[in-house]
Each structure stands twice: as structure tokens, then as C-alpha cells.
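If you're matching them up, the sequences are chains A and B in order. Under the numbering used here, the first residue of the first sequence is numbered 36, with each subsequent residue one higher. Under the numbering used here, the first residue of the second sequence is numbered 2, with each subsequent residue one higher.
If you're looking for bench data, these hints aren't it; they were derived computationally from the structure. Small disclaimer: the values here were computed from a predicted structure and weren't measured. Backbone N, C-alpha and C define an ideal beta-carbon position, used for all residues, glycine too. Be a bit skeptical, because a hint or two may be false.
[Unchecked claim] Pairs of lysine-lysine residues, derived as DSBU-like cross-links and limited to a Cα-Cα distance of at most 30 Å, are as follows: (1) B/323 with B/131; (2) B/172 with A/96; (3) A/218 with B/177; (4) B/29 with A/218; (5) B/305 with B/192; (6) B/388 with B/436; (7) B/468 with B/436; (8) B/266 with B/326; (9) A/135 with B/172; (10) B/440 with A/96; (11) B/149 with B/479; (12) B/263 with B/305; (13) A/218 with B/235; (14) A/96 with B/119; (15) A/96 with B/149; (16) B/112 with A/96; (17) A/96 with B/177; (18) A/218 with B/192.
[Claimed, not checked] Here's a subset of chain B near chain A, in silico, CB distances under 7 Å, partners left out: (19) 40; (20) 126; (21) 180; (22) 182; (23) 194; (24) 198; (25) 220; (26) 223; (27) 227; (28) 231; (29) 236; (30) 395; (31) 396; (32) 399; (33) 459.
[Unchecked claim] Residues from chain A shown here face chain B by an in silico Cβ test under 8 Å; the list is partial: (34) 74; (35) 75; (36) 80; (37) 205; (38) 206; (39) 215; (40) 219.
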Amino acid sequence: MSRDLNKLLNYSLLKISLIPLMLWIISTLVFILLRVAPGDPVDAILGSGANEASREILRYKLGLNESLLSQYLSYINNILHLNFGESLSTQEPVLDIILKSLPASVELGIFSIFFAIFIGFPLGFFGLKNKGKKGDYIARVIGISSYAIPPFWGAILAQLIFSVYLRIFPIGGRFPITYSQPKITGFLVLDSLLNNNLIYLRESLYHLALPSITLGFLLSGIFSRSLRINLDKTLKSDYVNSALCRGISRRKIILNHSLPNALLPIVTISGLTIASLAGGALLFEVTFSWPGIALRLHEAISQRDYTVVQGIVIITSLLIVSLNLFVDILIAILDPRIEY
Amino acid sequence: MHNNFLIALFVFLISLSQYSCVSNNKSKRIIVASSGKIESLDPARASTLKSLQLLSSLGDTLYELNSEGELIPELASGMPIFSKDKLQIIINLKENVLFHDGTLFNSNAIKFSFDRFKRIGTMNYILGNKIKSIETPSEYKVIINLNKPSSSVNGLLTSINLTPVSPTYYKDYSDKFLNDKFVGTGKYILKRFSNEIQIIDPNLNYWGDKTNNEGISFIGYSNSSSLFGALKSKQIDVLLSNSIDDIQRNNLNLLSINKEIKEGKSPATEISFISLRTNSYPLNNLNVRLAIAKSLNRDFISEKVSYGLRQPSRSLVPPIYKKNKEELWPKYDPLEAKVLLQKEGYCNGNVLDFPLTYRSNVPADKLIALSWQEQIKNILNECINIKLNGVESTTIYKNLNLGIYTAVILDWTGAYSDPEAYLTPLLSCSEIDGKNCKKGESVYSGSFWGSNTVEDLFLDSENLNGKERLAKLIEIEKIASESIPYIPIWISSQKAWSQNEISKPIFNGAGIILMSDLKFINE
Chain A
36 MSRDLNKLLN YSLLKISLIP LMLWIISTLV FILLRVAPGD PVDAILGSGA NEASREILRY
96 KLGLNESLLS QYLSYINNIL HLNFGESLST QEPVLDIILK SLPASVELGI FSIFFAIFIG
156 FPLGFFGLKN KGKKGDYIAR VIGISSYAIP PFWGAILAQL IFSVYLRIFP IGGRFPITYS
216 QPKITGFLVL DSLLNNNLIY LRESLYHLAL PSITLGFLLS GIFSRSLRIN LDKTLKSDYV
276 NSALCRGISR RKIILNHSLP NALLPIVTIS GLTIASLAGG ALLFEVTFSW PGIALRLHEA
336 ISQRDYTVVQ GIVIITSLLI VSLNLFVDIL IAILDPRIEY
Chain B
2 MHNNFLIALF VFLISLSQYS CVSNNKSKRI IVASSGKIES LDPARASTLK SLQLLSSLGD
62 TLYELNSEGE LIPELASGMP IFSKDKLQII INLKENVLFH DGTLFNSNAI KFSFDRFKRI
122 GTMNYILGNK IKSIETPSEY KVIINLNKPS SSVNGLLTSI NLTPVSPTYY KDYSDKFLND
182 KFVGTGKYIL KRFSNEIQII DPNLNYWGDK TNNEGISFIG YSNSSSLFGA LKSKQIDVLL
242 SNSIDDIQRN NLNLLSINKE IKEGKSPATE ISFISLRTNS YPLNNLNVRL AIAKSLNRDF
302 ISEKVSYGLR QPSRSLVPPI YKKNKEELWP KYDPLEAKVL LQKEGYCNGN VLDFPLTYRS
362 NVPADKLIAL SWQEQIKNIL NECINIKLNG VESTTIYKNL NLGIYTAVIL DWTGAYSDPE
422 AYLTPLLSCS EIDGKNCKKG ESVYSGSFWG SNTVEDLFLD SENLNGKERL AKLIEIEKIA
482 SESIPYIPIW ISSQKAWSQN EISKPIFNGA GIILMSDLKF INE
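Chain B on its own, in the form it takes in the complex (with noise of 0.2 Å):
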């Protein structure tokens, strides 16, 4: 009797592996998995990453940045040209460019499209003041009337956020978010959406290059744990998130480098730092800024949390978007900082009590906070000591600006391919008493840090372009490395990982998967 159930059971259990859902994808469909769900396909809406990369392969912007962050011209016929007072910015736009819904892409698309995010757009504060109007003077021209000379945007014309929609579809929706669909003019049509799953086919009336694949299928998975193991078991073809967990990350790059999967890599652009709050005891004493600064071993972080994959980085700007490798923020010496503290007052019998919060939802950040204070604790155990504080992240979003944190870890992602994208939301202010910022973006950034040379320089940069705009950027960023409202730690891509039978995932300079570029192999 027990001997037939076992061999019912093992019956079962063959006849179950049998029907492995590794095989299931007979289709040339490219099934890529990421974490979590799309909320919206809106782009005036979208802002997380998967939904932002979904966009990026049904829309097309007016322009985009290629991997060594050039400006290449998609929807726009060429280059942006500017009036001679730069208060205007006119493109010509390409000609026989059809919507999803068949109607034609012209200079209208564009004013709808982003007079349309700038009244609902979630994130329409990347726009600032800096766009009065749009007008359309034919209808292949466009001319951006700008409230004051911007150089920076060039930058926002990359923006997903700002890429153009069908004005004929959108008719009913010019004031209210269309979440589960969306027409454009990209490469692929969106054929099914729900929160979990999205499948996009090619578009065969696109104007440039066909896709080299027959569609994707899109799947989120909640957790790191599923994303890692359907790559792993085969289910999906492609992972892409940046939400994977670092021990899983680690595993997937061993398996990359044993030829098991193929790994590709954004450009560096996303960045974790430390935000110090100046304004107050005890970090109001640039001395005791600069020693912590000299404290942090971002090397030694790094190898602990994330195996030495993430790069370290004495920066704020990405290197992509400065154009060179040059760090300004001080480097780590143990040596320098006990002696900058004793100087203070502090190491002989008095130790510097030091709150370091970070975000308890985002493991990475546990981790820094904990490898560094071990760290302190053996380099630094007289003078130092650092007592961790762990807050769910919305919680320290709300409470930044009310200055509660003593320093607190952060990451930052540039809303559009500039430097100022990272410079303005960290260090721009508006209400400055000495040293201190009364209000303005770096209150919202907890550092409560302000510089009135900063704000001239923000100015000047407005007026410039090219390497003299840069050079004021970098300006700025020195100025804050020496002032240290900041302390980064490191800078990390994108990656994404693909089975051997898919070609390797390759990232355009915004940190977007130019989904249209993947393909099966051995087709």
C-alpha cells in the first residue's frame, strides 16, 4: 500500500518536472522581468524605472543621450538651435512620423505633450520656471520660449517624461492621467497592460530602424529573491532592476563571468551620498564635517556591502555628465580626521557621539551604516562614535526638511542627463542667512547648506553652454566638496542580465535598455 502511493507519487512528481515551465516560450518574444509593478503608463505620471523603460520603447523623446552621453537627435530633425538672447530654442522636428493610432506627429504633439505635463505632470518641478511657452510656428518647428536663458535644457528634451503622445487620443485626457495605455511613436505598440504584466509588439509603421525581435513580454516580480531565481531556473530571458539585492547581484556577476548569463551596464548614475545637517551642533563645525568625511573607507564599504561592485565615488556628478574622472571630496585618512577632531576638542577621553540614520527598507543602506561604523569603531573607537538609526524611507522624506537628521544616507538619480540635475536638488537655495539654508532645495536634502557664490554661480551657468557652462558646474561642485554639506559614497549603473540564447542588454546614456536591440542568437 505505501509502496504504490511512493511510486504514485514519484510518478507524479516526474510527470510534473516533465511539464517544466522552461519551456513554455516558444516564441521569439522576449520575456524581461524586473521588480514590482507599473502604476501608470502615463508619462506625465511615470517615474520609476521599469516604467520609465517601458516608455522609452513605446514613445520616442526629441532627443536622447547615447552611451557616452552625446545628444542625438529621435524625434527632432537636428540639433537644438538657440536665439542669440537664449530665451528661445527652436527644433525641427522630423517629417512622416505616425502615432500608435495612426494620426501624424507634428509641432501640435509636441505643445499638447508638454504643456500637458507641465500642467499634471507628478514630476513637473523638474521644468521649474524655465519653459514659458511652446509655439508652433509650422507645423515640422517648434520654438521653446524660455523664461530665462537655461542651458540645462537639453538635457530635459531626454526626458521620458516629456516624450510626445497622440493629442487625437490623449483629447479626452489633457488633464488627467491615461494609466493603462499609451500611444506614441516608438518602436513598439503596447498590445496588453496590467500592473504586472505588459506585452509590446513591434510597431511596422515605424519611421526608423525595425526591432530586432518579435516583442517583449514584461513581468515584475515583488521580490529579489524571484527575480534572481528566474533567471537562474531559466523562466525569464532577461532581469533588469536595480532594486536586486546585492548578494544576488554578486552571485549574478560570478555567473556572468562564468559565461552563464550576460551581464550589461549602464553608464554610472545613480548616487548614494550622505547628507550632514551644517546647521546645527555638532556638524555646524566644518572641521568635524571634514574629519567624518575622512573617516568613511568607501573602498572597504564597498568590497563589505556590495562586493566591490558598486564603484566608490568622492563625487556628486556622474562621471558621464562631467566628462572626466576628476573627484573633488576628500579622500579617506584616519590619520588627518582623529587629528582634525582632537583639534576640536574631541578623541582624548571626549568621544564625538555621531546619529547616522539611514532607510531600514533599503538593505544596501543598513549595510553602509553598519560596515562604517565598524569601521570607526577600529580606527576611530576614542573619537568617534557613530549610533545607527533606522527609518523607514518615507518617513525621513517627510522629515528632511524639518532637520531631524544629524546625517542621513541617500541615493539621487538625475531627472534628466545634466550635472545640474544632481547640482540643484542637493546644493540650490533660495533663502540664505550666512551659511545656512532657509529655504531651497538643499533644506528638502537635509544638509540645510547654502553659499551665495553658489547661487552666482548657478546664475552664470544659465547664460553658458557647452565646456564654460561645465567648468561652473564643476566650480559649484568643488565649492560644496570643500564645505562638505555632502559626503558620497559611491556611484552605481544599471545592469541587466540576460540568458546566453538572448544578445548581451546594452543601455543608452540616460541608463535605458534599448529593448528594440535585443534578439535571440541563434536565430
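Just chain A, same shape as in the assembly (with noise of 0.2 Å):
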């Protein structure tokens, strides 16, 4: 047993070490393409009708008239400091931007995952309880229709439905305009319970719901489909067939042996699909005017604010691979035929 813990600190250790390089690589990816993308932020300040004096002055207060490698440098030696510099645009330390926005998009990112699965579960299991029938091809259409959905599309209709229609949930935002929103980690759903104020709970989840079910909605097709694929293939299994010879129940079988197998592919599933949430975010943000991360980070790459945009993308990235990296050992842990 401590051998195997010795191993898989090893694994581990070896997959943390791993994470400075890649960040490395991740931010010199971006100041480089950053640089290379046509216009700087003189332009996106300035647009078309400053003259070449004021160009000139503000590039140098901007620091844009160094040279590339300095300015690498700096940012370098700045990020390993953990100083991430200050909004070309606004003057605000990137790091508030980050810690502003991120709670939003972290919080629709949860709840969208929790109606991911509180959706996508069931119906796998509804499709698998209806093998071949009508209700097993309703569950595969509605699973494929999901991610088939571009993301965009898929948030407009909602808004357009619910929110202009129906009148049903808020048209965009995080919390109505006339309260001052809550203020200690960022999360309302979060702040509100902290403060102990049910309207303020009621209205974060009020202007989350529409958002997050909308994304859960759309992510929950893979969740439904690999739970109908992979459940459907362990009750096929030999250990499942001598448990049913052994006149353990059908619900017990699927409970407590398949559906914890089944489960193993989807955890690496999950790692993957909240990479692909960061994408798909920025869509959601745009359109529901989610204050969030992604949203920032559009309008900074609009603006060529060089400084959020990087902070953006390391931290980001930093997020994505961390949980990875706990994605890959919780799956080494849980699947012995994993080798470290």
C-alpha cells in the first residue's frame, strides 16, 4: 500500500512539474501572438482620428516603444512575481480584473455542470431502461440535438424565448440593477447565503438560471450519451452476468458495480468538458452580458489590452490544467488498470 502512495506521489509530482513549462510556453504563446496580431493598443484607444504626436506619446507612456525582447523580459520576471502589470486601458491592476470577473464565470460554470449531469444522467438512464425503443431514441436525439447545438445559437433561442417571449427570467446580467450586490468572495449564490438575505439568493439564482440551464442543457448530451454507451457495456460484462446468476437485483448490480465502472471514462470526460466550457463560455457571456471572465477577456482582446489579455489566458490556463491534473490522479486512484 505505501509502495503504491510512494507511486503515485511520483505520478503526481512528476505531473506538477510539469505544469510551470507549460505555462511558460502557454505566455510566451501569447505575447508573441499578441504582438504579431495587427494593431496595439494606441489604436484601439486612440481609433483613426489622433495624430502621429499623440500616438507617439501614448505608446511611450504605454511602454510600447521598448523593444520586444525587453518588454518579454519584463513580463516574464513580472509573471514570476506574480505581478500580471496594469490594464493598458484602464490603469487597473490586471489581478482585480482577474478576481472580478472570474467568481462569474466560475459560479455559471458550476451550476451548469450540476444541470449537465442533473440532465444528461437520467436521460442516459432513461435511454438504456428503453434499449431499442421509442423512449431510447427520443433520449438519443435529444442527447446528439444538445451538442449539436452551436452554443450561440443555443443561448439567443433561450434568451429569446425565456427572457423576450415569455418574460420568464432576466434578459442578462448577474443581479438586478436596483440592489447593490453582496461583496465577499465573488460568488452571489455564495455571498448571499454568507450575508443570510434569501432576496439576495433568490436573485442570483434568478439571473443564473436561465444562463446555466441553458449551458448545462447544451453540455449534458455528452454526459448522457457516454453514461448510455459505457453503463450499457458493463451490464454486458462477465461479473455482470455471474452477479445476476447469483440472484443479486438488477438495481443492485447497476448501482453498485456498473455504474461506478461506467462512471471512470466520464470523470475524463468532465476534465475535457471544462476545458471546453472556458470556449464555450465566452459565447454564453457575450450573449447574457455574463460580467465574467471570458467576457473581459473579449473585450480586452478588442481593445489590444495586452496586459489583461495575458493574465487572462495564464490564469485561465492555469485553472484548466490544474484541474486536469486532478482529473488524471483521481483516475489513476480510482482505476487500478492505470499504471504510474
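Two chains, each in its own frame: build the complex with the hints.
In C-alpha cells form, the structure reads like this:
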């Protein structure tokens, strides 16, 4: 057992040791790509009307007159000191911008995953229960459609139906305009609970509902399809047949034996889904005016706000890499077939 | 089992619909939505319509323009007085005006705010080298010393970027921006600020007329569909946006015609035009430029792209600043265009390839380009072939002065309310070689066109006022219209829409809504 634990520790350390390298590659790529892209913050801030002198002065103020190597070295040095600099367009510290907008995205992500599982798993079970019957086909159509729908279209459609025509949900935003939102952790649902304020809780859930249910529905297909396929596969295994022969009920077999095995690939998929969530969130945040990190990134890119783009990409990459690491270790623990 | 589930789902949806977002606004506060967010409330940094709109409610300028384009004193107690040599402007200030922090507004506040903008203002280039210094001979009198006579300073005095701020409050921010607070003298005080939501309350100590409402809540949505949907589903009271898609603009127009909402319109101040690179083939040929100008059917494009809601224009200066509707640029005349092109050796088997660049992130620009291309295919197919090229706007701005684009669709709104704010950025040039501009504003607008006569007229206009000055500026435009470095397409107004329970939004001459005039009607 202790030998296994040592092996797992070594495996984890090896994976962790790769994180700085990955982050260095990502941060260097972001730096290069931003500089290669035409236009710079001066053009974005001043537009086409400013004269050459004003442009030069602003370029100097923003430190863009220095050589690329010098900018790169100072950028890497700052990152090593966890200093992401200030926004070129607002002079606000990039870390503050990230800390302000990240909780909104994480909150949306968590609730979306929750709804994806909440919708996806029952749909997968329902399909399997009705295998080969009408119910199976219905579940299959819903599952496949959900991940075939382009996220931006799904978001606009949901907004149009539930906000504009039925007027059930707010059109966008994270909190009612008339209330000042609680500020403790940045996670409004959690903050409302910490404030013991049920009205805040209701309002934050009310604003969160439409984007998270819609995104959850679009992600649910992956869960329903993989559960359906993997559970079906495990139910055909020899150990299930022998359990059936021993007279163990089908319900017990599924819950205690088949489901844990079928869930292993789903844990892997979850890791990948979280990464894809970062991309999908961009379109959702823009459609629902959700003040998250993806919307901030979108704005920063159009403003060529180098420091903000760099900071957001590095932090997001760190989160995704860490989550994938966690998933890798979890699978290594759960799946005895994995060697490390 | 299934039935129970369906009943439960039905009850849940019904209960949600009872908790509709529409009934949330029980106060007399008016919710105004627009696109995007506000990065900064610092007048030295503000440049977006939204931030300027908010600042105009929170602060006062020395003067403002009414809807007829006339200068009206605001913080000034009278009209500006020019010295005989026109190198000084004397402005007397209103007394007993308080900033929101309780400190007194006086000449020092004007000096502090102007100097601060000159030092750190993002758009401080609008001052150019016009203002030399500011003197404060007494508490309520300022003297603006100019480097050279400049009658356009009048227009600058209405600029929201020069809104006076409290020197006491901004003491630590004289050399840096204060983004999330604002202390001015305006009708409203800032209650809450975040990038997405801003709340303002009436200023109870305001020196002038009181507000008609109990406060305004501003909210930003990140896309046009959300804005449209929010107004339609009555989640907001007023929609203000110049970036709303044309199809939705048309829908809103139809709703207002059907009296389901109200529509307010500013004087048209935003021009859309095509910049032509005049210093190289093929547009270095005046006849080719003239032919292209004559091939543009503005009415057709306005109808196709904006459903006729944008006003076709053959002028670079908005009518409100010219005081007339005279249009100088060539009219649409495809037959004449064909004759001109034939004269230059095109048409008979020799098609002129005309690369047209548009900003890919501006939907209207793409539609203009596509409509024009189709129109040319129908009438001048054997003479011109428009090749389209979509490029993101920031990239275009970066490359304009490099002469990369043969023709590019752009728009412009003057930084202050004066014809000069339209002509100088497009036509002035500091280094001219023949008819080409080597250095100057026209290089940055992508036309590379220069004229010594125009430069002389610009200088002359600085020494004149009133009608004489306007005549000089119109003469400049006339020269440009004969050389065609640009082709005006249309001129647009800011628009705002309100629910029927709210009064109609009214704009001033600078395209800003008078927020204090908004009110609930059945009070």
C-alpha cells in the first residue's frame, strides 16, 4: 500500500512539475501572438482620428516603445513575481480585473456542470432502460441535438423564448440593477448565503438560472451519451452476468457494480468538458451580458489590452491545467488498470 | 408518474412567470440601457458615447449646444468674450455653484480641469496647440490664452472631456485617472459605479433646474439583441445605443410608428464615408475617383442596409454645423461614371479592379460594401470590379497611414461641435508634396490628399468668426469635393427609445440625451 502511495506521489509530482513548463509555453505564445496581431492598444484607444504625436506619446506612456525583448523579459519577470501589471486601457491592476470577473465565470461553470449532470444522467438512464424502444431514440435525439446545437445559437434562442417572449427570466446580467450586490467572495450565491439574505439568494439564482440551464443542457448530451454507452458496455460484462446468476437484483448490480465502472470514462470526459466550457462560456457570457472572465477577455482582445489578455489567459490556463491534473490523479486512484 | 412530473413542471413555470422581471422596477428610478460597459468616469479618459452620456448628467460644461446648434452658457455666466487680437478668451463664471463634495466651483477648478486634461487626457490632441495657458484673475473669471487665434475653441468649450471636476477631490489624481468616481457640479450625483451598472441620484444642491425623475440606473448589455429584447420585454425603460443593428433599429422604428414605444433622435452628427488613397494607382487619377464617386447610389445603399433610416449624404460636415443642407459631392450618375471610365481607358474589355476594405466587426460596413458591389455588378459590370476585403477595425486604424488600403469604409464623429472637428481630421496636412500629403491628418485618415489652398483656408478661418469663418470652412469642403479624397455615404443620428410610460428622450445639439428631462408620464 505504501509502495503504491509512493508511486502515486511520484506520478503526481511528475505531472505537477510539468505545469510551469506548460504555463511558460502558453504565456510566451500569448505574448508573441498578441504582438504579431496587427494593431496595438494605441490604435484601439485613440481610433483613427488622433495625430502621430499623440500616438507616440501614448505609446511611450504604455511602454510600447521599448524593444520586444525588453517587453518580454519584463513580462516574464513580472509573472514570476505574480505581478500581472495594469490594464493598458484603464490602469486597473490586472489581478483585480481577474478577481472581479473570475468568480462570475466559475459560478456559471459550476451550475452549468450541475445542470449538465442533472439533465444528462437521467436521460442516459432513461435511454438505457428503454433500449431499442421509442424512449431510447428520443433520449438519443435529445442527447445528440444538445451538443450539436451551436452554443451561441442555443443561447440566443433561450434568451428570445424565455426572456423576450415568455418574460420569465431576465435578459442578462448577474444581479438586479436596483440592488447592490454582496461582495465577499465574488460568488453571488455563496455571498447571499453568507449574508443570510434570502432575497439576494433568490435574485442571484434567478439571474443564474437561464444561462446555466441553457449551457447545462448543451453540455448534457456528452454526459447522457457517454453514460448510456458505457453503462450498456459494463452491463454486458461477465461479472454482471455472474452477479445476475447469483440472484443479485439488477438495480443493485447497476448502482454498486456497473455504474462505478461506467463513470470512469465520464470523469475523464468531465475534465475535457471543463476545458471546452472555457471556450463555450465566451459566447454565453457575451449573449447573456454575464460579467465573467470570458466577456472581459473578449473586450480586452478587441481593445488590444495586452496585459489583461495575457493575465486572463495565464490564469485560465492554470485553472484548466490544475483541474486536468486533479482529474488525472483521481482516475489514477480510481482505476486500478492505470499504471504509474 | 409522468403526469405528476408534467403537472409539477407546469406549476413551476407558472410560478416563475408570476415572478416576472418586468414588475421589479417599483421606484421612480428610470432604467437606461446601452451597449457595452463604462471603463472610466474620468472626463480626461472618457471617449465612448455611453461614458460621455453619463458624464454629461454628472457634470456641467462651460457651455452646451442646444438642438439648434447654438452655444448656451452652462457654468459660464455669459458668452465668451474674445480680445481684439483674438489671442485671449475671457469667460465669466456662475457664482454659488457647488461641487458634489460641497466645495465651491470657481476659476481654479476650470484651470485645474483644463490643465489636467491637457496633461493626461487620452484625447488631449483635440486641444492641439490651441490653448497656451489659463489665467484666473479673479474667483469667477478665467482668461484662456491661445497660441494663435482660434475660433474653434468655442466648440471645444462644450466638450464633455473638459467638464470641470473638484480640485479638492481630485488632488491625488491630477496626474492619473480616477476611473470609478466622479465629483462634478451636475444635476446628478454618482451613487454607485461598476463597469456594468451605474446609478445616479438627483443632486439636491444643484444650482439650476431640478430633475424630472428620482434617479437613473444605467445598465450595459454586451450585444444588440439583448438590448432590443430588454426594451421589447419591458425590462428597461429607455434604450440608448448607436451600435444597435440596423434590422433591430428598423424594428424599433416600426414599434414607434405603431406607438408601442417612443423614439427620440439627435441631430445627425456621425458621418460614414469611404476614404480613397489618392497617392497611388488607380485612385491617383481624379477622373477615376470622380467615376467611383458617381457610381455610388446612396439611396439604394441606405434602403438596403438601414431600411432608409440613415440619411444619404454628399457632405463631410453635418448640416447642424453648416447651418444649411448644401451638398457638394457629386451625385449618383452611372452614365457619367461610365463615360469618365471609358475616357481613362476602362470598360471596353478593361475592367478596373477596385479593392474595397470594410471593418469586419461593423455589420453596417459589410452591408454597405456588399450592396455597393451588387449595385456595381448590375450597372457597371464591364467597367468596375469591386473586390471586398474585411479587416478588423483596430487593424485598419493601425494600417491606414501605411497606405495599405486603396479604399476603406470609415465613420467619424467630431470630438467637439464644430465643422472644423470634421474637416481638420480628414483634410489637413502638415507636409504637402504636390497634391499628396506626406505627413498630417489626411495620412492618418488614409487619403494622403493635401492641398496648400486648403491649408491657407484653415489658417484664415482661425482668424475669423461667425458666417465669415463658416464660409471659409465650406470653401475647404468645396475644394475637397472637387478632388474627392473621400466619398461621403450617409449621416447618422443617435437614437433612443423609451417605453410609453416614459417621456420621449430629447437630445441636445451634441447628441447627448437630457437625462433630467426623462420622467414617468402618469405621475
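- [ ] Starting from residue 112 of chain B, check that the Cα of residue 96 of chain A is at most 30 Å away, please.
- [x] holds (24 Å)
Open item on the list: Tell me if the interface restraint on residue 205 of chain A is satisfied: Cβ within less than 8 Å of some Cβ in chain B.
Closed with: At about 5 Å, which falls below the 8 Å cut-off, the nearest Cβ of chain B leaves the hint on residue 205 of chain A intact, so it holds.
Open item on the list: A closest beta-carbon separation below 8 Å is what the hint needs, so does residue 215 of chain A meet it against chain B?
Closed with: holds (6 Å)
- [ ] May I ask you to test the interface hint for residue 80 of chain A with respect to chain B, counting a Cβ-Cβ separation under 8 Å as satisfied?
- [x] holds (6 Å)
Task: Status of the residue 194 of chain B interface restraint (C-beta, 7 Å, chain A) - done: violated (11 Å)
Open item on the list: Take the shortest C-beta to C-beta distance between residue 180 of chain B and chain A; is it under 7 Å?
Closed with: holds (6 Å)
Task: Interface hint outcome for residue 227 of chain B [beta carbon to chain A under 7 Å] - done: holds (5 Å)
- [ ] Mind checking the CB of residue 459 of chain B against every CB in chain A and telling me if the closest is under 7 Å?
- [x] violated (14 Å)
Task: Restraint check, 7 Å cut-off on beta carbons, for residue 182 of chain B near chain A - done: Given a least distance of 13 Å, the restraint on residue 182 of chain B is violated.
Open item on the list: Check the hint pairing residue 135 of chain A with residue 172 of chain B against an upper bound of 30 Å on the C-alpha distance.
Closed with: holds (27 Å)
Open item on the list: Next item in the hint list is residue 75 of chain A. Is there a CB on chain B closer than 8 Å to its CB?
Closed with: This hint holds: residue 75 of chain A lies near chain B, its Cβ roughly 7 Å from the closest one there, short of 8 Å.
Open item on the list: Quick check on residue 126 of chain B please, does its C-beta sit within 7 Å of some C-beta on chain A?
Closed with: Status holds, d = 4 Å.
Hints 5, 22, 23, 33 and 40, counting from the list given before, are not met by this structure.
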